[in-house]
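Engineer: Sequence:
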Amino acid sequence: MTVQHLTLAKFRHGTTCEEKKEAIRTVYLMAVAALIIPGVTALKVGPPVSQKGARGYEFALTVEFEDLQAFREYIPHPHHRLVAEYISNFSEGTPLSYQIDTSREARL
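One point on numbering: in our numbering, the residue at position 63 of the sequence shown is 78, and numbering is uninterrupted.
No lab work stands behind these hints: they were computed from the structure. Source: prediction; values computed, not measured. Don't take each hint at face value.
Stated by the list, open to error - Derived lysine to any residue pairs resembling SDA-like cross-links, with alpha carbons at most 25 Å apart:
| # | residue 1 | residue 2 |
| --- | --- | --- |
| 1 | Lys35 | Leu50 |
| 2 | Lys59 | Leu83 |
| 3 | Lys25 | Leu44 |
| 4 | Lys25 | Lys59 |
| 5 | Lys25 | Asp82 |
| 6 | Lys67 | Glu88 |
| 7 | Lys35 | Thr17 |
| 8 | Lys67 | Phe26 |
| 9 | Lys35 | Glu107 |
| 10 | Lys36 | Thr17 |
| 11 | Lys59 | Asp82 |
| 12 | Lys36 | Glu73 |
| 13 | Lys35 | Tyr113 |
| 14 | Lys36 | Glu100 |
| 15 | Lys25 | Tyr43 |
| 16 | Lys36 | Glu107 |
| 17 | Lys67 | His28 |
| 18 | Lys59 | Pro110 |
| 19 | Lys36 | Leu23 |
| 20 | Lys36 | His95 |
| 21 | Lys67 | Ser106 |
| 22 | Lys67 | His95 |
| 23 | Lys35 | Asn104 |
| 24 | Lys59 | Phe26 |
| 25 | Lys36 | Leu111 |
| 26 | Lys59 | Val98 |
| 27 | Lys67 | Pro110 |
| 28 | Lys35 | Ala46 |
My request is simple: use the sequences and hints to build the entire structure.
Structural biologist: What follows is the structure, encoded as structure tokens:
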């Protein structure tokens, strides 16, 4: 079972375009370091392609894990704490965090 961990964030009001670009670049560089952590298999970082339908979220980070155990071990990992703290520093409110079991078919 693979697990996809998604984080969506909104920048604080007044954040400039340059500050947003720098924050996204910094999170990307921080996230790339997560690839050396056992169980982390992939990641993506960036803004939405279009603000239409984004509900104000301006930034996304996805991290894929081999399995649920790898995800559970990553949450208390110092690297995750560092990235989460950095994102919280520029976020308006609490970022949205969502996990998906990508090996199961959707059930209605």
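Engineer: Which numbered hints turn out to be false for this structure?
Structural biologist: 5, 6, 7, 10 and 22
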